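> For the protein sequence lines, the chains are A and B, in the order given. The numbering of the first sequence is the numbering used here, which starts it at 1 and goes up by one. The numbering of the second sequence is the numbering used here, which starts it at 414 and goes up by one.
A couple of the hints might just be wrong.
Ranges of calculated distance between the beta carbons of each label pair, as one might list FRET restraints [as the list claims (entries may be wrong)]:
id, chain 1, residue 1, chain 2, residue 2, range
1, B, Ala762, A, Ala92, 51 to 59 Å
2, B, Arg571, A, Arg379, 52 to 60 Å
3, A, Ala272, B, Arg792, 28 to 36 Å
4, B, Gly790, A, Arg170, 32 to 40 Å
5, B, Thr719, A, Gln52, 34 to 42 Å
6, B, Arg498, A, Arg236, 50 to 58 Å
Keep in mind that the hints were calculated from the coordinates and are not lab data. No experiment lies behind these values; they were computed from the predicted model shown. All residues carry an ideal CB built from backbone N, CA and C; glycine is no exception.
2 protein chains.
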Amino acid sequence: MTAEKIVWQDSFASRASRMNASEIRELLKLLDQPGIISFAGGIPDPALFPTQVIGDAYASILADPARAAQALQYSVSEGYLPLRRWIVEHMASLGVPCDEHNIMITAGSQQGLDFIGKLFLSPHDTALVAAPTYLGALQAFNAYEPRYDTLMLEGGNRTPQSYAELAKVRGGRVGLAYLVADFANPSGETVSLEAREALLDLAEALNIVVVEDAAYQALRYDGENVPPVLALDIARSGGIEHSRTLYCGTFSKTLAPALRVGWICGASEVIAKLVLAKQAADLHCATINQAVMHQVAEASYDAQVTRNRGAYKERRDAMLGALARHMPEGVTWTKPEGGMFVWVTLPEAIDGAKLLARSIEECQVAFVPGGAFYGEGRRDNKLRLSYSLSTPEQIDTGIGRLGGLVGDMVAGR
Amino acid sequence: MTAEKIVWQDSFASRASRMNASEIRELLKLLDQPGIISFAGGIPDPALFPTQVIGDAYASILADPARAAQALQYSVSEGYLPLRRWIVEHMASLGVPCDEHNIMITAGSQQGLDFIGKLFLSPHDTALVAAPTYLGALQAFNAYEPRYDTLMLEGGNRTPQSYAELAKVRGGRVGLAYLVADFANPSGETVSLEAREALLDLAEALNIVVVEDAAYQALRYDGENVPPVLALDIARSGGIEHSRTLYCGTFSKTLAPALRVGWICGASEVIAKLVLAKQAADLHCATINQAVMHQVAEASYDAQVTRNRGAYKERRDAMLGALARHMPEGVTWTKPEGGMFVWVTLPEAIDGAKLLARSIEECQVAFVPGGAFYGEGRRDNKLRLSYSLSTPEQIDTGIGRLGGLVGDMVAGR
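Next comes chain A alone, as it looks inside the complex:
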């Protein structure tokens, strides 16, 4: 038999590749090329990781025979109890009263999206997502073969009936609504209080769950906090056990991504089902990493968040300043109050992917073209710029070059 003859289900992989996953991965490799100024990766700056505190935590846990035996052994699927209790306190500080039965540990918030898709989406069901939205959410949901319909969070959504009817025509029902409520990837925008309440109205009318991806929530640089969708849901429903929102949190953007520790917070009855999904998928998250994350969060979560906010704010300011200085007329962009991304809209005629090809060739500047971030209604004159890994000087140089190239393309050069 040749490899070509192996019978597999192409559909999953081809749907994933439709989202340009491999294109994105190729782009990210550019980060390693000397001379390239990259605004492509949406990843934290390793210079900000609390490496010493993490190292001390591994060392102290492994130096204690009883703790080491526990930290290296199989453990429960819902996660390490002291860490879940720390997260309970953390959620309370965000306006979400809950207890440890409302928390399950996941391998980053990404795994939460996968399990929620597994539980709430069947083939032909419809997922409501913003356009653009986080590529990885679409990839996670795609495995369960949904269709997508577009949430218009700020613009005023369509009627519940119109969402339900289109889902029915497509052979399923609306399964969930997904949003990155704060400093979204890729747009950098934050969903207003009014739009959050309207989304909860819509979800109530459709009787669906709301998936709140809180990956960037802690990274606010200015402006007013907006309560998590889950907090608003609890305020109206009377308690987390009556809520329909599943909050996906992570330590990836505050402490470090590579321990792969995140969480889902929601009604305990749903969490119990997600725990069964976790058990079936990979048994549990690395026990030792959960114990380390607990110790690191206890010791330095607040200090670390303060430090990250300071560093990234400076870079965001540099990016917004450079865009204002260097971009030609007809180019617009978002003004994020936090997170890692600015979303740029080019004149209609300019294609982000074509700009990228020329930008790498002529300017040694990388970014992610916007087309990849759409479940439906793809627009090609968009760019995602990340400022998280660059110095203010690199940002000014890179945006200067990019602005010059856009000016050339606008002028037909």
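Chain B: place on chain A using the hints.
Frame of chain A, contents of chain B only:
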């Protein structure tokens, strides 16, 4: 809204619970109860973990700024290259020539089963599994809503046509064949060379993949090594790129489970699709744990395997000796050449679950009743006994009590 009104898909969770997952989890909690002699958990003895070597690896990686920055950062979905290269050498030592494009790192072998189910099983497809088989494989596959048909590995399988026809009647096709080839969980038995070749014949006739779960393969205490199914497949097909077998390996039973590091080895074209599944599910395994596992495997894989074999062999011998001394006539059991389990068959009239209830109450001895390990054709007069966590003295005491109780039940007391 009440929690009861939340719309979720019950089917996945209820199918999982049909497998008695929560029953099993409750049982495992007994491990922590003082006074209970537990043969329930199939988990390694933490006293055998290479804790010092693991601690040294974390410390040395985190003490080097460049390595620390890499180890704490996002990384590629296919896994840490030096670890994949170590696994390439390891697979070669098992008779499987391959390169790093044939290896993807997974969160234990469990996650390999989940991704393979995701790729090769659609609702109504049929998975071929032995009866009994590993509970966790059934849980992983259940999320993709397959039916099961029974592999009779040693007894001579049915014709390919009969498997294909039943699968068609059920509304799908045969998606895969799954086996634990060596020292299976729960039976302790090893599939013979002849049965492995016959399975490959069957898989070739059905044009399906074979999933070889190698969780216990390194833990052989006596008898002759049998080549991995993947090695036999390569020998007949001419190379790994022409093979249909996906080998799921793990460090959980040789080094330590809680770092959650395992791998899939197979044709690179299939691995590339599994990498997309990994990216969508949780991006990648904990970078630091992969780097640590590489360092630990380099330093002490062989020594660790030798140490584990010695310790577990003594316990297996104690278990087989105690069963021979204490079990009444009419009780039979397997004679494993490795692994962690002995599979006991009681007289037909005795129900393993009822025996467990009395055993805990009257003897303070725990085990897993066999009914949970069947995809089809459930048998209730079976027990799974694990000797991995008990001393020879505990084994003799526990089996002595259990044998006395079985004798009572046989005698109608």
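> May I ask which of the numbered hints given earlier this structure violates, with the numbers listed in increasing order?
Result: no hint breaks.
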